Amino acid sequence: MSAVAARMSPAGRTALLVVLGALAILFCIPTVGVVLSSLKSNAEIVAGRLWWVTQGFTLDNYIEVLGQRRIYVYLLNTLLVTAPASMASIALGTLAGYVFAKLPFRGSPVVFIAVVAGMFFPAQILLVPLFRLFLHLRLLNTLWPMIIVHTALGIPICTLLTRNFFAAVPDALREAAVLDGASELQVLWHVILPVSLPALAVLGTLQFTWIWNDFLWPLIFTQSDNKRTIMLGIVSMKGQYLVAWGVQGAMSLLATLPTLFVFLRFQRYFIHGMTMGAVKG
Amino acid sequence: MGRSLGWWRVALLALPLGVYGAFVVWPLLSSFAYSATNWNGFRLSFDLVGFDNFRALAKDPLFAGAMRNTLIWTVAAILVPNGLGFLLALGLERGVKGASFLKSVFYMPVCLSAVVVGQIWIWIYRPDWGALNGLLAAVGFPQGERAWLAEPGSALFAIIAAWSWQQAGLSMVIYLSGLTNVPHELLEAAALDGAGYWRRLRHVILPMLKPATIVVVALSVINSLKGFDIVYIMTGGGPFHASDTLAVLMYDESFKRYRMGYGAAISVVLFLITLAVITVYFRQLRKLEELTA
Chain V
1 MSAVAARMSP AGRTALLVVL GALAILFCIP TVGVVLSSLK SNAEIVAGRL
51 WWVTQGFTLD NYIEVLGQRR IYVYLLNTLL VTAPASMASI ALGTLAGYVF
101 AKLPFRGSPV VFIAVVAGMF FPAQILLVPL FRLFLHLRLL NTLWPMIIVH
151 TALGIPICTL LTRNFFAAVP DALREAAVLD GASELQVLWH VILPVSLPAL
201 AVLGTLQFTW IWNDFLWPLI FTQSDNKRTI MLGIVSMKGQ YLVAWGVQGA
251 MSLLATLPTL FVFLRFQRYF IHGMTMGAVK G
Chain G
1001 MGRSLGWWRV ALLALPLGVY GAFVVWPLLS SFAYSATNWN GFRLSFDLVG
1051 FDNFRALAKD PLFAGAMRNT LIWTVAAILV PNGLGFLLAL GLERGVKGAS
1101 FLKSVFYMPV CLSAVVVGQI WIWIYRPDWG ALNGLLAAVG FPQGERAWLA
1151 EPGSALFAII AAWSWQQAGL SMVIYLSGLT NVPHELLEAA ALDGAGYWRR
1201 LRHVILPMLK PATIVVVALS VINSLKGFDI VYIMTGGGPF HASDTLAVLM
1251 YDESFKRYRM GYGAAISVVL FLITLAVITV YFRQLRKLEE LTA
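First to last, the sequence lines map onto chains V and G.
So for the first sequence, this note's numbering puts the first residue at 1; every next one is plus one.
So for the second sequence, this note's numbering puts the first residue at 1001; every next one is plus one.
Just so you know, these hints were derived from the structure itself, not from any lab.
Incorrect hints may have been included.
To be verified - Restricting the straight-line Cα-Cα distance to at most 30 Å, the calculated cross-link-like pairs of lysine-lysine (BS3-like) are: (1) G:Lys1226 - G:Lys1287; (2) G:Lys1226 - V:Lys227; (3) G:Lys1256 - V:Lys238; (4) V:Lys227 - G:Lys1256; (5) V:Lys238 - G:Lys1226.
As the list claims (entries may be wrong) - Cβ pair distances, simulated, as ranges: (6) G:Pro1127 - V:Leu80: 33 to 41 Å; (7) V:Gly56 - G:Ala1276: 53 to 61 Å; (8) G:His1184 - V:Ala91: 39 to 47 Å; (9) V:Leu76 - G:His1203: 53 to 61 Å; (10) V:Thr14 - G:Gly1144: 28 to 36 Å; (11) G:Ala1150 - V:Ala167: 31 to 39 Å.
Keep in mind the model is a prediction, meaning the values are calculated, not measured.
Positions of the beta carbon are idealized from the N, C-alpha and C atoms, including for glycine.
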């Protein structure tokens, strides 16, 4: 409890709690609306009873969505992009972060800033050249461009966070290992990484969430339905369920479950990563 | 020893810098080259047109509109989600019961994808059974009802409101982490001197929050320049381009109208604006470091 709070009157504290609680309820309303919609029949929603007492909840919307083969294709594609791209970007960022933290050289701060600056630019700057590159390589409409681009775009944040974390690991640990004959790669693997697991957890949650939620790159790189990822997939499935609001709600919720789980489970890491990435940037 | 250290640096950096160089730096630089062409996206050949794309941009009302909208978005992004995040952080910092639960509630939208946020808010803005019109009718102000996303006058602001809902939590946690840096001794001393909460806020807390403010303002500007997904999903830039941002216009020109060269020209403008913003940002950060060092 902070020093400011200590002097607050009980009445003042209650009032503050009421205001914050009311705001929290307001904040939840949009999300609650989607949850409700997914559990109600379309007739009820159209009749304007989305926000009102219901005649009863139904799982029909979920049964409808889960009966669609497409949804599994989208989910599998998303996983096949998200898992390798998250791991690759963290691995590459770790290598670079180690050099910038423990083996600095003349000019390395400039290189470091050039790498980190990458996370600030809108992706639009890369669209045309990357589209042409993958057109040439005949990789359009495969999962490869998404895996590659997400790996590359993840390097700035991964380098930034690992460098900051590794810098806090005492140099003496590295020096002792080097004297024992360890190579730099062995130092990184056996000495630095075991004490840096929180940083890796932060990056894992961030990268997983961003890549899972991505909409732009599949929009650019895929044309056929069986290569789409989940976020683009549910947008295109809306065409099929144009006025089936409940089904749309169920799709959104299913698409959100993995990131929601990660958020709830690793919330501390997630928030820490977002602030660290923002503040130290 | 020194030699082998150099070898290790090269070996460890080769892969990350190689991938970053090939798929970020090189495309970034070649955007400049494409901006001087009339490439249409599917033919492999194209002509050089020099600065024609930029000359056309200067006369393009769609580009002017997108610039204006991006500017509006930037100003709103600085004020609304940051203001809200600031107030939430101040409230939560005062040690109310359940503060960490409330914090999660306010932060949760940050982990939602733009697709889902867009969908949620499209429903809120629906003219027929949307929650906003329903609310206006319920409080006895039915003349305020409208098709929020379908009218040029309200579309952009409706999207910004949805976006602010998602972003406020991010500003909040940055302000909260800034507040933990406010030294308690200073606050206690001020309180002993008889300074009430508002005076402490103004003379002790606010000055200490300057770094956090620089960060959230810079992030807001950068994120509004990136503003694409949520606009694309909610309105596609419409109606009649009323909610086009630079990022949306860039996509439309390149991938809907197949004017890749023209789109690249827009992306160059976007790059230069972003570069200016982050240069100022890094300068401010360095100034702060000098002050605190």
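Okay, the hints, checked on the actual structure:
In summary, the hint linking lysine 1226 of chain G to lysine 1287 of chain G is supported, as the alpha carbons are separated by about 26 Å, within the 30 Å threshold. With a C-alpha separation of about 25 Å, the suggested pairing of lysine 1226 of chain G with lysine 227 of chain V holds against the 30 Å cut-off. For the given pair, lysine 1256 of chain G sits about 20 Å from lysine 238 of chain V by alpha-carbon distance, which is consistent with the 30 Å threshold. Using a Cα cut-off of 30 Å, the hinted pair lysine 227 of chain V and lysine 1256 of chain G holds, with the two alpha carbons roughly 20 Å apart.
With a CA separation close to 25 Å, the supplied pair lysine 238 of chain V and lysine 1226 of chain G stays within the 30 Å bound. Taking the beta carbon of each, proline 1127 of chain G and leucine 80 of chain V are about 40 Å apart, inside 33 to 41 Å as hinted. Separation of glycine 56 of chain V from alanine 1276 of chain G is about 57 Å and conforms to the stated range, judged on CB atoms against 53 to 61 Å. For the pair histidine 1184 of chain G and alanine 91 of chain V, the beta carbons lie near 41 Å from each other, so the given range of 39 to 47 Å is met.
Take leucine 76 of chain V and histidine 1203 of chain G: their Cβ atoms lie about 57 Å apart, and the range 53 to 61 Å holds. As the Cβ distance of threonine 14 of chain V to glycine 1144 of chain G is approximately 33 Å, the hint placing it in 28 to 36 Å holds. About 52 Å separates the C-beta atoms of alanine 1150 of chain G and alanine 167 of chain V, a value inconsistent with the hinted range of 31 to 39 Å.
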